Every structure is written in structure tokens, then in C-alpha cells.
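Let the hints inform the model, and build the full structure from the sequences given.
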Amino acid sequence: MAVANIDPDVPSVPSSNLPAAIQTNGIGVKYSLRFTKKTTIQRSFVNLFKHEPADEFWALRDVTFKLVHGESLGVIGPNGAGKSTLLQVLAGIIAPSEGTAEVNGLISSLLTLGAGFDQDLTGRENIRLAGAFLGLQGSDMARRTPGIIEFADLGPFIDAPLRTYSSGMRARLGFSIATSVDPDILLLDEVLATGDETFRAKSKARVVELVRQAKGVVFVTHDMNWVTEFCNRAILLQKGRIVAEGDPAEVVEIHKENSRRAKAEREAALAAALAASGGGILPPDAVGSKLLR
Amino acid sequence: MSATAEAPARYRAAAVRPGPVGLLREAASETFARRRLIGYLVQADVRKKGADTLLGNLWWVIDPLLQMAVYVVLVSVIFQRKQEDYPIFIFAAILPWKWFQTSVYDGITSVTGAGGLIRQVQFPKLVLPVASSFAAVVNFAFGLIPLTALMVLLFPHRLSWTLLLIPLIAVVQFFFNVAMAIGLGALNVFFRDIGNVARHAMRLWFYLSPGLYAITELQAAGERLRVPLIQHILLWNPFAILFTAYRSVIYDRTTPDWGALAALLVASLILLMLATLLFKRAEPAFAKVL
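First to last, the protein sequences are chains A and B. The numbering of the first sequence is this note's numbering, which starts it at 1 and goes up by one. The numbering of the second sequence is this note's numbering, which starts it at 1 and goes up by one.
Keep in mind the hints are simulated off the structure, nothing from the lab. Remember, it's a predicted structure, so these values are computed and weren't measured experimentally. Among the hints, a few may not be true.
Simulated DEER-style distance windows between Cβ atoms [what the hints assert, rightly or not]:
id, chain 1, residue 1, chain 2, residue 2, range
1, B, L24, A, P146, 38 to 44 angstroms
2, B, G115, A, G80, 18 to 24 angstroms
3, A, D55, B, A262, 47 to 53 angstroms
4, A, D153, B, A262, 56 to 62 angstroms
5, A, P78, B, Q67, 57 to 63 angstroms
6, A, P78, B, A33, 36 to 42 angstroms
7, B, I270, A, D55, 33 to 39 angstroms
8, B, Q219, A, Q137, 53 to 59 angstroms
9, B, A33, A, G26, 26 to 32 angstroms
10, B, A28, A, D247, 43 to 49 angstroms
11, B, I270, A, D223, 52 to 58 angstroms
12, B, I233, A, D140, 37 to 43 angstroms
Within a straight-line C-alpha distance of at most 20 angstroms, the following computed DMTMM-like cross-link-like pairs (lysine to aspartate or glutamate) qualify [claimed, not checked]:
id, chain 1, residue 1, chain 2, residue 2
13, B, K49, A, D118
14, A, K263, A, E253
15, B, K48, A, E125
From the three backbone atoms N, C-alpha and C, an ideal C-beta is built for every residue, glycine too.
What follows is the structure, encoded as C-alpha cells:
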């Protein structure tokens with residue numbers, strides 16, 4: 001099923017003689033719905049006595065790939081395919097339930113850039129706090145701060161509490177921090193969609209610059225133009241598994257084809273349901289469940 | 001070329017986790033490596049607590065005084081209990097108790113309150129309850145101001161060198177506080193009603209500890225019950241030991257029972273290890289649950 005690409009002879013991995021920045025081996029992430037739901041003591045007692053099989057859900061399964069420095073990898077796939085979960089595993093935020101993920105190099109992963117760190121602190125203080133959270137030395141972060149502030153271009157707002165920021169301003173600050181800490185590997189989750197036109201152009205230029213500096217970059221994005229233009233490899237995830245890997249243009253084509261087919265199937269199913277009901281009015285939840293599938 | 005870092009630049013995330021000793025070693029080294037982050041978090045916490053109110057951090061001085069006044073009215077005026085210099089007697093218990101309360105409540109919400117962060121950055125989550133525990137120390141330190149003022153202005157005859165022993169007792173209590181904050185902080189991720197339970201458990205705990213009354217009354221009550229187990233629980237309660245120790249150096253002008261304090265220190269350290277283990281075991285699930 002999954003196209004394992006660890007064989008150094010496979011040509012789709014450029015410069016595979018370089019040491020791997022990221023190497024994953026059959027990672028799987030399991031969510032046990034019983035425990036991951038926000039629960040109360042009462043509920044867990046009830047569950048304890050029910051003895052029903054735990055609701056398990058594999059967000060990722062059997063994902064094996066390698067990323068070398070200087071490579072920019074696009075991860076695409078439909079919603080709920082496990083793209084963000086994959087980034088969380090690579091960032092070390094979630095430990096895989098099976099398999100291993102090895103990472104060589106400083107990772108910068110501000111996965112949801114808009115969130116910020118502390119709403120009551122100013123932008124400047126948040127930069128300092130971000131550095132501490134990412135594990136950078138204080139003097140190092142102090143040296144980078146002017147550059148971060150300049151790139152984020154927030155004007156006097158840099159000394160205002162974060163809660164006064166608009167979502168675009170937050171995203172600008174977050175992106176600026178994430179890309180200014182001189183990471184060896186940069187993980188980006190759908191960030192290029194935020195911010196205004198000028199900032200988007202600026203951020204694209206910066207990402208291209210990072211790729212050029214032989215850093216490893218992993219994107220999760222729905223922007224297919226971005227994938228074909230700036231990634232030198234792409235992975236298509238579906239239902240937690242890698243279904244295609246290789247040249248971005250080809251993978252994007254497969255993704256588009258799959259999406260078209262899925263859409264056609266949904267429409268056919270809906271039409272069938274409508275026909276089965278004899279053209280009568282369907283109960284609203286029946287339509288809803290067909291649409292959701 | 002790349003940034004100097006306090007976090008490891010290479011790591012291996014695997015389904016297999018290290019054993020208990022490995023986890024404890026990991027916990028100790030990552031907490032020490034991130035001491036600067038803990039410092040920032042404490043700073044932010046202290047500033048935020050004072051930011052919303054008119055009197056700001058002055059409340060840390062006023063609060064224990066007002067609470068003392070309430071108990072003095074209740075016990076000395078209404079119940080007519082005779083205890084010499086009751087304000088100091090009770091203040092010696094209010095001070096450590098308020099500290100403990102702050103530690104526990106802030107510890108409980110320390111992890112759940114940082115849910116957004118936990119989902120976006122990888123960092124040792126242990127810094128959260130540790131930072132909230134250190135922030136609570138500041139609260140305790142501020143409480144020493146009204147204590148000193150009270151003793152100098154109203155009860156100068158109670159002043160003695162034994163007051164200098166307060167920090168030693170506080171160190172023992174600190175380990176107990178941190179252990180509770182870490183353990184409850186981890187549990188609250190999975191059971192959000194820990195906070196509700198804690199509010200009532202804490203109230204009962206305070207009244208069952210010799211805070212408003214002397215340890216001798218607790219002993220007498222224990223004997224009346226004639227159930228040895230309950231008697232032991234009452235007297236080995238950490239706050240029976242702590243309140244008595246604080247009271248001996250502040251009120252009685254004597255040295256505390258070092259043996260009991262040493263036993264409590266050992267027990268707290270064991271509890272701290274167990275709580276840390278629980279926390280480290282649960283840590284990988286935090287990002288999934290929050």
C-alpha cells in the first residue's frame with residue numbers, strides 16, 4: 001500500500017547520500033476515543049463497567065518516508081487525512097503509537113501560528129517567551145529579536161498586549177518567529193494562506209530562501225500551485241496512509257483525480273438516495289448523513 | 001550556523017518509552033535545562049495576578065490579614081475560645097495554608113490552561129506545574145511582610161531568632177506543594193472535575209488540620225474517636241506536622257520537631273517522584289486530549 005521510499009536507489013529522493021533530516025519508520029498514531037475525549041470521573045466510571053471495546057481510530061498508519069536537507073516536501077490530501085497529525089509527530093508534540101520518527105536538526109514548528117503564547121504579554125515579550133519555549137538560548141533570541149520585529153512589521157503594536165492583535169497580525173508575528181530562529185527543519189501548516197498579499201509574497205520569498213539554504217521544509221497545504229512550484233517532492237495522504245509519493249506535479253495530479261472521483265461518488269450516492277426515496281422528501285438527517293459521507 | 005539551543009536538536013520519537021528511572025532522569029534534566037523558560041512563566045504569572053485588580057499585588061499582603069481577621073472574630077469573639085495572642089497563633093497557619101492552596105489550584109489548571117501551546121510546540125510539559133509552584137512561592141514571600149509587621153507592631157514579645165527557621169520549614173513544604181501540583185496537574189487533563197473535588201477536599205483538609213486550634217485538641221479529638229487508624233491519619237497529616245512546625249518557630253519561640261519534618265521531607269520527595277512518574281507517563285497523551 002504505502003510507497004516506502006527508504007531505498008537509497010530510488011531516484012525520486014534527490015541527493016539521498018546526504019544524512020536524513022527526518023526519517024520515519026512505519027509510524028502510526030492511534031486515538032483511543034474513550035480516553036481522548038474530555039471526560040469526567042463519572043463518565044470514566046461508567047466506561048469502566050461497560051466493557052465495550054475501546055473506540056480506536058488510526059489517524060496515521062504505516063507512514064515511512066525520508067527527508068534530506070535541502071528538500072522541501074509538500075504533504076497534501078483531503079481533510080482529515082492525517083496531515084496535521086503527521087506534522088505534530090515530526091515536531092515531537094505527539095509520540096507515535098507505533099514506529100519511530102528520527103529527527104536530526106533543530107526543528108521550528110509553530111504549527112498554529114495565530115495562537116501566540118501569552119495573550120496578556122506584549123508582542124516583544126511573546127518573542128522572548130517563544131524563544132524559551134522553542135528552547136533557544138536567551139542571548140541568541142535577543143540577537144534575533146530586531147529581525148523578527150522588522151519582518152513582522154507590526155509598528156507600535158509590538159509593545160501592545162497580544163490580545164489586541166488581529167488574526168493577521170498574530171499570524172505575521174508567528175511566521176516571523178518560526179522562520180527567524182534559523183531552524184534546520186521547518187514545519188509549516190497552512191500558513192501561507194494567512195496575512196495580506198504583501199505579507200504572503202514576503203513569506204513565500206523567505207521560505208524559498210530557507211529551502212535554498214539547504215534546510216529541510218515540510219509543508220501542509222491545500223494550495224496546489226505552491227506545491228508544484230516550490231516543493232521538490234510531495235506526499236499524498238489519504239485516511240492516514242501514504243497513497244502516492246514522488247514528483248509534485250504527478251502527486252498533485254493523482255490528488256486532483258482522487259478528489260474528483262470522491263466527489264462524483266458522493267454525488268452518485270446522494271442521487272441514489274434521492275431516487276430510492278421515490279423523489280419524496282427525505283428526512284433531513286438522512287440527507288445530512290449522505291452528504292457527510 | 002544554526003541556533004544554540006537548550007532543547008535537543010536531534011531526537012527520536014518512538015512508541016516505546018523509557019522505564020521509570022529513565023523517565024525520572026529525563027524529567028530532572030529537561031526541567032533544569034528549561035529553567036529560563038520557568039523563570040519567564042513565573043514572571044508572567046506574577047505580573048498577571050496583580051494586573052486586573054485596583055490594588056494589584058498589594059492583595060497578597062492584605063488577603064492573609066483579612067482572613068486572619070475573619071477567624072479572630074469567629075473564634076475569639078463568637079466562640080469565646082481563650083488562646084493567648086490568637087492573631088499570631090492563627091496567622092502562623094494561614095500563611096502556609098494560603099501558599100498550599102495557591103499551589104494546588106494553580107497546579108491543577110497549569111497544564112489544561114496551556115492547551116493551545118501544547119498542541120503547537122514541543123516542550124517539556126513539566127515546566128508548567130513547576131512554574132506555577134514557583135510563582136506561588138512569591139505569594140508566600142509576600143505574606144511574610146504582614147507577619148513581620150504584625151509581630152513588630154502588636155506582639156513584639158513574640159519576636160525571637162527562631163523566626164529565621166521559617167525558610168527551612170518552607171523548603172519541606174515546597175517539595176510537598178510541587179508534588180501535589182504535578183500530580184493533580186496531570187490528572188486534571190483527563191478528569192476535569194479535579195478542581196471541583198479539590199475545593200471541598202481542601203476545606204475539609206484545613207479544618208481537620210491543627211490550624212484554627214492547637215495540635216493537642218486534635219490529639220484529644222482522635223482519642224475520643226477510639227479508632228486508631230483515624231487517629232494516625234489525623235496526626236500524620238502533612239499539615240499537622242507543618243502547622244505545628246510553623247507555630248513553634250513563630251508563636252512558641254521554640255525549634256520545631258526536626259524528626260517529624262525530616263520524615264515529611266522524605267515522604268514529600270517520594271510523592272514528588274511518584275507524581276513526576278505519573279506526569280511523564282501521561283505526557284505523550286496531553287497533546288491528543290487537550
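- Looking at the structure, which of the earlier hints fail to hold? 12
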